[in-house]
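Using our numbering, read the sequence shown as starting at 8 and increasing by one per residue.
Accuracy of the hints is not assured; some may be wrong.
[Stated by the list, open to error] In the EDC-like style, the derived pairs of lysine to aspartate or glutamate whose C-alpha atoms are separated by at most 16 Å in a straight line are:
id, residue 1, residue 2
1, Lys33, Glu63
2, Lys55, Glu41
3, Lys16, Glu36
4, Lys16, Glu41
5, Lys55, Glu42
6, Lys55, Asp34
7, Lys16, Glu70
Source of the hints: derived by calculation from the structure; they are not laboratory data. Values in this document were obtained by computation on a predicted structure and should not be read as measured data.
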Amino acid sequence: DPGLMRNVKQALDRLHPRYRLPVILKDVEGFSQEEIATMLKLPVGTVKARISRGREYLRRWLEEGREIKNRGEENEGYGLKLPDD
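Input sequences plus hints: build the corresponding full structure.
This is how it looks when you write it as structure tokens:
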């Protein structure tokens, strides 16, 4: 469905880079969490958490039609402070 693909791309584009890159590397590029951890020089647990949170933000946006507004490091768009991971 072209409309769904457009919505997914929009959501990815608006997702905070902290979450976007791990999600793309895992779900689009097919890298393992261990490979992503090595690439990003992060602990595997941090990568797992960022993938999980990124997917959750995408799911909410797609299900609820909410627009993720990237407001910088302190805010991922739902009025929540980003965790220090």
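- Message: Tell me the hint numbers this structure goes against, listed in increasing order.
- Response: 4
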